[in-house]
Amino acid sequence: MRALTAIALTVGILASAPALAQEFAQNFARQRELNALNDIAASQRQQTEILRRQAQRDSERAWRDENARVNAQRDARSARRFDRP
132 MRALTAIALT VGILASAPAL AQEFAQNFAR QRELNALNDI AASQRQQTEI LRRQAQRDSE
192 RAWRDENARV NAQRDARSAR RFDRP
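Per the numbering used here, the very first residue in the sequence shown carries number 132; after that it's consecutive.
Hint data in this document are derived by calculation from the structure and do not stem from the laboratory. Wrong hints could be hidden among the right ones.
What the hints assert, rightly or not - What follows is a list of derived Cβ distance ranges for each label pair:
1. Q185 with E164: 30 to 40 angstroms
2. D170 with A207: 31 to 41 angstroms
3. Q204 with R184: 29 to 39 angstroms
4. I171 with A134: 48 to 58 angstroms
5. N198 with F159: 55 to 65 angstroms
6. R205 with S174: 44 to 54 angstroms
Glycine included, every Cβ here is placed at the ideal spot set by N, Cα and C.
The task is simple: from the sequences and hints, build the whole structure.
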C-alpha cells in the first residue's frame, strides 16, 4: 500500500513538473516585463522632471529679460526727460 502511494505521489509530481516549470517561466517573464515597464516609467518621470526644471528656468529667464527691457525703456524715458532744456 505504501509503495502504491509512493508511486502515485511520484507520478503526480512528475506530471505536474512541466506545468510548474511553465508557470515559473511565465512568472519570470511577467516579472521581467514589469521590471522593464517600471524602468520606463522611472525614466519618463526623470525626463518630465528635467523638462519641468528647464521650463521653469526658461520662464524665469524670459521674466528677467522682459523686466530688463521694461527697466531700460523706463531709464531711457527718464534720461530724455532730464536732457530737455
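TODO: Determine which of the earlier numbered hints do not hold for this structure and return their numbers in increasing order.
DONE: Going through the list in order, the structure violates hint 2 alone and respects the others.
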